[in-house]
Structure formats: structure tokens, C-alpha cells
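> Take a look at the letters that make up each chain.
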Amino acid sequence: MQFTELVENLKRGQSGVVDFKIEKNPVILSAASLDKANENEISFLDKNSPLNLKNLLKTSQASALLLPANDAFIIEIVNQLSFDWILLKEPKIAFAETLDFLYPSEREREGIHKSAVIGENVKIGPGVSIGANVYIGDDTEIGAETIIHAGVVVYKKVKIGAKNLIHANSVIHSGSSLGDECVINSNAVIGGEGFGFVPTSNGWKKMPQVGIVILKSKVEVGSGSTIDRPSVGETIIGEDTKIDNLVQIGHGVTTGRGCAMAAQVGIAGGAEIGDGVILAGQVGVSNKVRVGDRVIASSKTGIVSNIEAGKVISGFPAIPNKLWLRCSANFKKLPEIAKAIRQLDRKNAR
Amino acid sequence: MQFTELVENLKRGQSGVVDFKIEKNPVILSAASLDKANENEISFLDKNSPLNLKNLLKTSQASALLLPANDAFIIEIVNQLSFDWILLKEPKIAFAETLDFLYPSEREREGIHKSAVIGENVKIGPGVSIGANVYIGDDTEIGAETIIHAGVVVYKKVKIGAKNLIHANSVIHSGSSLGDECVINSNAVIGGEGFGFVPTSNGWKKMPQVGIVILKSKVEVGSGSTIDRPSVGETIIGEDTKIDNLVQIGHGVTTGRGCAMAAQVGIAGGAEIGDGVILAGQVGVSNKVRVGDRVIASSKTGIVSNIEAGKVISGFPAIPNKLWLRCSANFKKLPEIAKAIRQLDRKNAR
Amino acid sequence: MQFTELVENLKRGQSGVVDFKIEKNPVILSAASLDKANENEISFLDKNSPLNLKNLLKTSQASALLLPANDAFIIEIVNQLSFDWILLKEPKIAFAETLDFLYPSEREREGIHKSAVIGENVKIGPGVSIGANVYIGDDTEIGAETIIHAGVVVYKKVKIGAKNLIHANSVIHSGSSLGDECVINSNAVIGGEGFGFVPTSNGWKKMPQVGIVILKSKVEVGSGSTIDRPSVGETIIGEDTKIDNLVQIGHGVTTGRGCAMAAQVGIAGGAEIGDGVILAGQVGVSNKVRVGDRVIASSKTGIVSNIEAGKVISGFPAIPNKLWLRCSANFKKLPEIAKAIRQLDRKNAR
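First to last, the sequence lines map onto chains A, B and C.
Take 14 as the starting number for the first sequence in this note's numbering and just add one per residue.
Take 14 as the starting number for the second sequence in this note's numbering and just add one per residue.
Take 14 as the starting number for the third sequence in this note's numbering and just add one per residue.
Note that these hints are calculated values from the structure, not bench results.
Treat the hints with care, since some could be wrong.
Because identical chains share one entry, a pair is satisfied inside a single copy or across any pair of copies.
[Said to hold, decoys possible] Straight-line distance between alpha carbons at most 20 Å, and here's what the computed DMTMM-like set of lysine to aspartate or glutamate pairs gives:
1) Lys219 with Glu252
2) Lys345 with Glu21
3) Lys346 with Asp358
4) Lys360 with Glu349
Kindly produce the complete structure, drawing on both the sequences and the hints.
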């Protein structure tokens with residue numbers, strides 16, 4: 014792709030082209046980070062990059078750059094150098110769009126691999142690709158242009174919408190429902206049975222888990238993540254919610270739209286997560302807790318009670334992030350604090 | 014199922030029917046939570062439910078209710094309304110039994126799917142179901158009425174008892190042994206090799222892991238969970254122990270009977286867990302630690318040393334739960350505490 | 014194996030044979046721990062074993078022992094007993110070598126199982142074993158003597174070196190590269206897409222993940238672990254680095270040589286891990302953080318900023334281990350500390 018072509022493409026996108034400089038009009042063949050890019054490669058700098066990243070501009074071998082507008086320091090550097098560049102309101106979005114242009118996703122072969130096993134009364138839409146050794150249970154529906162990779166197991170009575178991408182060896186249990194344009198990464202498990210056991214004098218009595226899991230459209234589920242179905246009713250993942258690897262979503266959880274849950278997050282049964290909630294890595298949410306819209310929890314936070322919308326929280330049990338930072342700074346001083354009290358005590362005892 | 018039939022069924026169960034009211038004798042078609050139930054649905058309220066749940070009774074559309082005996086507030090509400098109800102010593106057990114009646118588990122087709130690959134000298138009991146693309150290694154035994162879903166891989170010389178339910182794409186390694194009535198959920202790994210490496214001047218020397226994993230009867234293992242085999246001897250999961258999703262059980266761990274381990278718990282090699290131990294989500298147990306019978310650890314607890322039977326613990330390192338609650342409450346005050354000391358110091362210096 | 018034969022074998026190994034006693038020259042058939050060993054079994058005691066383990070020597074039924082040299086207490090015990098023994102500089106390495114002798118790994122059948130599906134232009138080296146229901150994508154290379162167990166899915170354009178061992182139902186994504194002698198345990202996912210989404214006014218814009226994952230030689234990846242590919246460039250796991258079960262390695266992470274990461278560790282995108290780093294269970298590393306060579310982090314540590322080489326750290330946020338131990342000891346006293354301050358305040362107010 015010629016640089017001029019990229020400029021025209023980005024103008025039609027969402028990244029807000031502010032200005033650009035075309036000098037050599039290089040051919041862009043691929044993309045790389047600033048320190049690793051070579052000739053015919055494009056790189057980017059995000060808004061508010063730290064100084065050490067900005068200084069990499071001076072030595073970068075990239076042929077073209079996507080840069081934040083309104084950064085005098087960056088403009089000054091690049092004006093002394095011979096890059097072709099584009100200034101953007103959102104350089105990171107521009108980089109994502111550029112990768113889409115440079116690396117269009119390969120079409121999988123349409124059709125059903127001869128080793129796949131398809132149950133009875135399965136409805137398969139046009140343009141669907143079903144890979145080797147896939148198993149599809151009875152009465153399941155698969156929408157148009159959905160791609161199912163090798164080794165996937167879909168149980169009975171599952172509804173899969175259009176343009177879903179389901180990676181190898183993942184499992185989707187009976188009754189589950191996927192909207193459109195979802196991505197299920199490898200070895201994820203959707204709709205496995207919730208963990209419900211009632212203590213009795215004879216040991217655990219299993220609470221049957223006869224509910225279902227619903228993934229709205231544009232949900233993505235990471236490799237090895239597990240989303241359980243409830244005893245009755247539904248576990249619901251809201252539209253455009255993105256779930257990283259090895260995340261556990263318990264039975265009967267509901268999440269709003271546009272959430273992001275980083276790797277190894279665990280959400281216990283019945284918790285209600287609002288819209289736009291962001292949970293960093295290894296966060297835990299206790300059962301039946303309500304987490305308000307746009308709450309942000311930093312890594313390893315333990316949320317054990319309801320959190321109001323918009324809060325930024327940390328620690329276990331979760332407290333406001335700023336308070337937690339000050340408490341943590343003082344935690345390190347606990348031996349000194351204890352010593353100071355012993356000394357004050359002694360003085361007062363005199 | 015007619016309501017009267019349900020009453021008779023529950024009388025034969027473990028939930029302790031105390032009283033019931035039959036007025037409309039509705040047909041019960043399904044079950045739902047109190048706020049979502051509609052006509053011809055049954056719902057329940059557990060013992061010691063909070064007031065906001067009890068108040069849902071006033072607006073619930075359910076046709077029948079399972080309720081705790083001896084709760085005057087509840088009795089008063091329902092006597093003003095037209096539900097048919099059953100009062101029970103254990104309404105949650107009654108609800109579990111009711112789900113069993115309403116949703117009898119579907120029988121899988123008996124027999125071996127033609128795409129399954131069965132090794133040499135495999136013994137398969139009567140009534141066994143083996144799904145599509147399953148692989149069973151040589152010299153393995155599968156007991157009567159066990160169900161193995163699509164994509165499961167069983168290595169060599171595995172012993173699987175009767176009435177086990179093994180979900181899709183899970184893996185059971187050589188030499189492992191399962192009792193009867195176990196449930197292995199999707200993508201779980203039983204008997205993978207333990208993590209053992211000895212540092213040498215040439216890098217890590219692998220400690221061979223030639224032991225096995227034994228699951229006693231009625232063990233359940235969650236989706237994506239992993240139970241490792243040890244270098245020598247056995248990893249043993251005691252009867253009726255229930256393990257949630259994404260749990261790691263290290264090599265040589267032993268657990269007692271009737272334990273429950275919530276999602277993302279990790280138990281390091283050689284730990285000994287007693288009977289009836291309950292570990293909440295994301296708890297960690299260090300290697301070779303002994304956790305006594307009936308210990309309860311709240312979420313994210315880190316158990317780094319032996320714990321006596323019956324203790325309720327929290328925090329990292331684990332301390333008694335009540336102490337931890339008070340310490341956590343004071344953790345939030347650390348900035349104030351530090352400030353108070355500075356002030357006292359200044360006063361004393363005068 | 015006769016005991017005399019074992020002595021000769023160990024002399025050729027790395028464990029440093031210092032002395033030995035041959036009295037009965039027993040046949041060694043298997044190995045077991047000191048408390049469980051029976052006749053014709055060998056057991057070992059490691060250097061610096063605690064007294065309760067050493068005392069097990071007095072009652073052990075083992076026929077032969079691997080023991081640390083230079084431990085007068087042990088020598089005295091065993092001289093009163095009738096074991097045949099070998100004294101070693103590294104008894105644990107000797108035990109690992111002994112297990113290698115006693116339990117030589119079974120050769121898998123060479124060749125491609127007839128149920129495996131092999132893509133176009135796949136290069137398969139001599140002595141390769143490919144199990145049942147495996148799928149290998151187009152343009153993939155598999156080096157000599159590599160063993161691929163049942164149900165594994167390898168996408169397109171993957172390079173797999175020689176003598177790799179790939180366990181059941183694991184998944185290796187397009188473009189990934191494995192060196193020689195790696196072990197991929199069951200249900201692991203190598204090269205799944207990184208978790209990258211950019212917020213826009215229309216919801217999340219996906220950052221395409223077009224990079225690859227490179228595992229150098231002798232890397233081991235535990236059951237259910239996930240290693241993501243980055244948007245551009247590589248995720249690299251250094252030679253001889255060992256990764257336990259359910260570990261998450263984010264997109265663009267690099268690790269050095271000879272690291273060990275215990276179960277449920279999570280490393281966020283772009284983190285740089287040095288050589289010989291040891292991370293205990295459930296440790297988290299924040300994105301883009303640098304962890305210096307030979308850093309050791311105890312369990313549940315949260316590493317949120319760069320750590321210098323050689324440090325031993327604990328806690329969240331991570332602080333020096335010794336400081337953390339003292340702080341944790343004082344954390345338990347927070348209620349007393351708060352009370353002491355209230356009392357001092359009152360005294361001072363008088």
C-alpha cells in the first residue's frame with residue numbers, strides 16, 4: 014500500500030486525520046513498533062507517550078509514522094527528520110485501522126469438513142465454515158458466515174448468530190445463545206454447569222443447572238475462559254463486552270455493554286456488572302454483588318460489596334483507588350509505625 | 014407436574030416438608046427466581062433471606078412457592094396472597110429436588126460413535142455412551158453407564174468407574190483412576206504431569222512425574238481445571254469433593270471428603286487438605302501445608318502454613334477471619350494513623 | 014535394576030556420588046516417598062530436610078536410599094540400619110535420574126493416525142508421531158521425533174522443531190514457532206490473539222493481533238496455560254523457561270532463559286522478564302513492567318513497577334520480601350495499634 018493510499022483510507026475511518034506530510038510516499042508493507050520498524054514499515058506513537066518513547070523517533074528506521082496531533086515536542090523532532098507522517102486525533106485507532114488494511118483476515122474455506130460430525134436437524138446458514146473434527150449437536154442453528162475451527166464441540170439446541178468466529182477446541186453447551194460477530198477463542202467453555210451444591214447430612218446435594226448462557230453481539234471470550242450457566246434463568250454477557258483469557262464468569266452473572274475484563278478475573282455467581290465496567294487482571298467479584306456502570310478496578314482488586322457507578326477502586330476489600338495508594342504507601346511503614354508507638358508509650362509511661 | 018404430585022415427591026426427599034397449602038393446584042412446568050417467575054412456574058425463598066428478597070413475594074407472578082418454615086413474616090405475606098406453597102425445613106434442597114423432577118437429565122445415546130477411536134484391550138461396561146471424535150487409549154476400563162462427550166481424550170491404562178459424566182474436550186492422562194458418579198466438566202485436565210524441576214548448573218533438570226491421580230467417587234471437577242500427577246505416589250481427591258472452574262491442584266495434593274473449592278483456587282504440590290474444607294474463589298495454598306478438617310477460607314486467602322481444624326480464615330498470610338476484618342477496617346485508616354503518630358511525636362518533642 | 018547398576022548409572026550423571034554402601038544389593042523395581050516405600054523400592058532425602066523427615070528413616074521400609082552427603086545425623090541413623098545407600102552432593106537430582114532409569118518414557122507409535130487431518134504442504138520429519146483426530150493446518154513444519162497427541166489442533170504456517178511433546182487437545186495458532194524439546198501440556202493454547210481493544214465513541218475497536226509467539230527450545234507450558242500473540246512483533250519465551258498450569262502470558266511479553274512460573278501466574282502485555290526469574294503461584298505482573306534477572310517473587314505478589322535484578326519480593330504492590338514479612342506481622346496488630354493511638358491521644362489531650 015502506497016502511503017498516499019493509506020492517508021485516503023484513514024480519512025474514511027474513525028481516527029481523525031489532522032495533517033500529513035508526503036515526501037517519499039513509501040510503499041508500506043507491514044507494521045512494527047517504533048524501535049523495531051525497518052524500511053517500508055509503519056509505526057505509531059500514542060497520545061501522552063512518555064519521553065523515552067518519543068525519543069525513539071530520533072533513531073527509528075520506520076518509513077512512515079502515525080502521530081498524535083498537538084504535540085509540539087513530537088512535531089519538532091519529526092520536522093528535523095525525513096519520515097512521511099500523519100497527525101491524528103486518535104493515532105492508536107489509526108494504527109488498528111492500518112493493521113486491518115495491511116493484514117486483511119484470510120477467508121476460511123467455506124463448507125463443512127468431511128471429518129466434522131453434524132447432528133440431526135442442524136440449520137447452517139450460507140457461507141459457514143466448519144473445520145475438521147468439529148462436532149455439532151442436534152437442533153443447533155449456525156448463522157451465516159460463521160467460522161468454526163477444528164475440534165470445536167457444540168452441544169444440542171445452541172443458537173449461533175452470523176459472522177461468529179469460534180476457535181479450536183472450544184466448547185459450547187446446550188441451550189447457549191450467541192449473537193452476531195462474537196469471537197470465542199481456543200479452549201473457552203461457554204455454558205458449562207454452574208457450581209451449585211447444597212450441604213445436607215448425606216454430603217453435597219447438587220443444585221441442577223438448567224439455565225442458559227446468552228452472549229449478546231460482539232462479545233469476545235479469551236482462550237481458556239469459562240462462562241457458566243445458572244440453575245434457572247440466564248447468565249448474560251452484554252453487547253461489545255470483551256473478556257480476556259482464563260476468566261471465570263459464574264452462574265447467573267449479568268454484565269452490561271462494553272465491559273472489559275482482563276486475564277484471570279473471576280466473577281462469582283449472580284453478580285451484576287454494569288455498562289462499561291473495566292476489571293484489570295486477577296480481580297475477583299463476590300457473588301450477588303452489584304458493580305455500577307463505568308467502575309474501574311485495578312489489578313487484584315477484591316470486590317465484596319456493591320460499588321457505585323463511576324468509582325475507581327483498588328485493594329481487598331476494595332476501597333477508592335486514591336485512598337488505597339496512600340494506605341499501601343503507609344503499609345510499608347508499619348514496622349516504623351509500630352516502633353513509634355512503643356516509644357511514645359514508653360515516654361508517656363515515665 | 015401437578016402441584017399435588019410435587020408435594021408427594023418432596024415428602025419422599027430430604028428437604029423436610031412441614032406444611033403445604035393447595036388451593037389452585039397449578040401445573041408446574043418450570044422453575045425461576047422469584048422476580049422472574051411467571052404462571053405455571055415455581056420459585057423458592059431460602060432460610061434467612063434478606064428483607065428485600067422476602068418483599069419480592071408481594072409482586073411475584075409464580076404459581077407456587079417453596080418457603081422456609083418458621084418465618085412469621087413470610088407466612089403473613091403469603092397468607093394474604095393466592096400462592097400454593099410448601100413450607101420446608103430446607104427449601105433450597107427442595108428446590109434442587111424440584112429441578113430434578115422438572116428437568117430429568119436427557120439420556121445420551123448408548124453406544125460408541127463411529128468417529129470415536131478406541132485403543133486395544135479397552136473394557137467398556139454396559140450402557141456406556143462414547144461421543145464423536147473421542148479417543149480412548151489402550152488398556153483403559155470404562156464402567157457401566159458412563160457418558161463420555163465429544164472430543165474427550167483418555168490416555169492409556171485409565172480406570173473409569175460407573176455412571177461418570179465426562180464433558181467435551183477434557184483430557185484424562187495415563188494411569189488416572191476415577192470412582193463412580195464423578196463429573197468432569199469440559200476442557201478439564203486430569204493427571205497431567207506435575208511441575209517439578211531441579212536447578213542444576215546446566216539449567217533445569219526435569220523431575221519425572223510417574224505417579225497417578227485418583228478421584229474418589231462423586232468428585233466433580235470444573236471446566237478448565239487441572240489436577241496434576243506427582244513424581245511418585247498419588248494425588249488424591251476425596252469422595253464427594255467438588256471443584257469449580259479453573260482450579261489448579263498440584264502434584265501430590267490430597268484432599269479429604271466433601272470439600273468445596275471455588276473457581277481459580279490454586280493448591281500447590283503436596284498440600285494436605287482435610288475433610289469438609291471450603292476454599293472460596295482465588296484462594297492459594299502453599300506447598301506441603303496441612304489444612305485441617307472443616308477449615309473455611311474466604312476469597313483470595315493465602316494459606317502459607319498449617320491451619321488447625323475448624324478455623325475460619327482470611328487474608329494473606331491467612332489469619333482468623335474476625336481479626337482480618339478488624340485489621341482491614343484499620344488498613345483504610347493507615348494514613349490517619351500515620352498522621353496521628355506524627356502529631357503525637359511533635360507534641361512529645363515540645 | 015540391581016542396586017550396583019544404579020550406582021554405576023548415577024556415577025555417570027550430574028548428582029555427584031560421594032560414597033555408597035552395598036550390602037544386600039537389592040533389585041530396585043520402583044520409587045516412592047520415604048514413608049510409603051516398600052521392599053524393592055528406593056527413596057530419597059533432600060539436603061536440609063527437616064528433622065521430622067530425617068526421622069522417617071528409622072521406620073522406612075525402602076530397600077535403598079539416596080541421601081545427602083555431609084549430614085552426620087543421617088549417617089548415624091542409617092549406619093544403625095540395614096539399608097543400602099548412596100551419599101550424594103545432589104540427592105534430588107539423583108532421584109530424578111533414578112526415575113529416568115526406572116521409568117523410561119514409552120515410545121509412541123511412529124506415524125500418522127488414520128483419523129488425523131493433515132493440510133496441504135505440511136512437512137513432517139522422520140520419527141514423528143501424530144495421534145488420533147489431530148488437525149494440522151497448511152504449510153506447517155513438524156521436526157523429527159516430535160510427538161503430537163490426540164485432538165491437538167495446529168493452525169497454518171506453524172514451525173515445530175524436533176523432539177517436541179505436544180499433549181492432547183492443546184492448540185497452536187498460525188505463525189507460532191517452537192524450538193526443540195519443548196513440552197506443551199494438555200489444553201494449552203499457544204499463539205491465541207492478544208487482548209487489545211481501543212475505546213471509541215462507537216464502542217471497542219479491535220487492535221488486530223498480527224504478531225506471533227516464539228517458544229525457544231526446552232520450554233515447557235503447563236495444562237490450560239495461554240500464551241498470546243501481539244499486535245505486531247513477537248511474544249518470546251526464552252530457552253529452558255518452565256511454565257506451570259493455568260498461567261496467562263500476555264501479548265508481546267518476553268521472558269529470558271531458565272525462568273520458572275508457577276500455576277496461575279499472570280503476566281500482562283509487553284512485560285519484560287529477565288533470565289532465571291522465579292514467580293510463585295498467582296503472581297501478577299503489570300503491563301510493560303521490567304523484571305530483572307534472577308528476581309524471585311513469592312506467591313500472590315503483584316509486580317506493578319520495574320524490579321532490579323536479584324531482588325526477592327512479596328506483597329502487592331511488591332516490596333522487598335523481608336520488609337513485607339515484617340509489615341505483615343504488624344498488619345495483624347493494626348487493631349492494637351489504632352487502639353494505642355487513641356489512648357495516647359486521650360492522655361495527651363488531658
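> Does each hint fit the structure? Answer for all of them.
Hint by hint, here is what the structure shows:
no. : hint               : result
1   : Lys219 with Glu252 : between (32 Å within a copy, 14 Å between copies)
2   : Lys345 with Glu21  : neither (54 Å within a copy, 54 Å between copies)
3   : Lys346 with Asp358 : both (18 Å within a copy, 15 Å between copies)
4   : Lys360 with Glu349 : both (16 Å within a copy, 18 Å between copies)
The structure fails to meet hint 2 from the earlier list, while all remaining hints are met.
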